[in-house]
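Work the whole structure out from these sequences, hints included.
Protein chains: 2
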Amino acid sequence: MNNSEVPKISEFPFGNENKEYQRYFSGKSWLAPLTKLNQLNAPLFNVTFEPGCRNNWHTHSGGQILIAVGGVGLYQEKGKKVIRMNPGDVIEIAPDVKHWHGAAPNDWFSHLAIICNPETNETTWLEPVTDQDYQIATHQVDIL
Amino acid sequence: MNNSEVPKISEFPFGNENKEYQRYFSGKSWLAPLTKLNQLNAPLFNVTFEPGCRNNWHTHSGGQILIAVGGVGLYQEKGKKVIRMNPGDVIEIAPDVKHWHGAAPNDWFSHLAIICNPETNETTWLEPVTDQDYQIATHQVDIL
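Residue numbers (this note's numbering), protein chains in the order written: chain A, 38 to 181; chain B, 38 to 181.
Don't read these hints as lab results, they were simulated from the structure.
Please note: incorrect hints may appear among the correct ones.
To be verified - Each computed DMTMM-like pair below joins lysine to aspartate or glutamate, with the alpha-carbon atoms no more than 20 Å apart:
#1 B:K73 with A:E114
#2 B:K45 with A:E48
#3 B:K73 with A:E129
#4 A:K73 with B:D126
#5 A:K73 with B:E129
See below:
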């Protein structure tokens with residue numbers, strides 16, 4: 038799948054295929070940096086997931102903020118029910134909270150991501166979200 | 038004008054009329070806090086301007102990031118040409134740069150705002166953008 042096959046689901050650029058992090062994702066994603074000034078300490082990206090794509094369970098030592106801007110997505114913290122993300126929804130991820138996010142099974146999804154406390158923020162990538170756990174998540178929010 | 042008269046121009050909540058800062062704005066605006074966790078150090082708001090509304094010239098000692106999400110807006114740094122903001126546009130405001138932002142004369146406008154470096158960020162409000170300077174700005178981007 039190349040960039041020309043990414044549908045327009047928001048007004049934000051989708052960038053390039055996110056190959057650097059592909060090993061931490063099940064499925065394909067695209068990454069667009071939206072800011073450049075380091076001194077603002079709030080790097081901003083647009084992340085786009087193909088249908089069914091989600092990232093592995095992971096943590097951010099400095100936290101992260103997700104801003105849904107297109108399509109339909111999913112967000113889950115360990116031990117909690119999955120949350121459906123629609124455009125306009127904002128999710129605050131506290132430091133060190135284990136979580137994953139991605140697209141619904143039949144929808145593309147784009148969220149902006151703010152890297153919080155970037156000077157010290159480290160991401161720890163953990164195990165993939167299995168097909169079974171992803172299926173259970175989609176049933177929790179009746180998203181199929 | 039009450040909240041029921043604010044048109045839907047994005048998927049984000051517009052919040053309440055921004056009375057606390059009204060003295061620094063020419064026209065009416067609405068403010069919706071979108072985050073709560075102080076430890077993330079990136080407070081996020083949705084700011085909505087009625088047509089013609091703009092804030093005074095001002096500076097942020099820690100900078101700010103604007104993310105256009107609905108309608109048509111304007112952004113100008115002192116001594117530079119005005120910039121038209123459409124949904125999907127992101128503006129990085131470096132610390133201490135004198136600037137203003139607001140709606141186009143005949144359009145509502147909403148942008149998200151990230152308060153950068155919030156622990157030390159101070160906003161200094163300066164003179165209003167005069168009707169004449171606002172009119173010149175709108176002509177610069179042929180937005181009438």
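Verification of the hints:
1. B:K73 with A:E114: holds (18 Å)
2. B:K45 with A:E48: Given that 20 Å is the threshold and the Cα spacing comes to 17 Å, the pair holds.
3. B:K73 with A:E129: OK: K73 of chain B and E129 of chain A at ~8 Å, within 20 Å.
4. A:K73 with B:D126: holds (14 Å)
5. A:K73 with B:E129: With a Cα-Cα distance of about 8 Å, the restraint between K73 of chain A and E129 of chain B holds, given a limit of 20 Å.
Violated hints are absent here; each numbered hint is respected by the structure.
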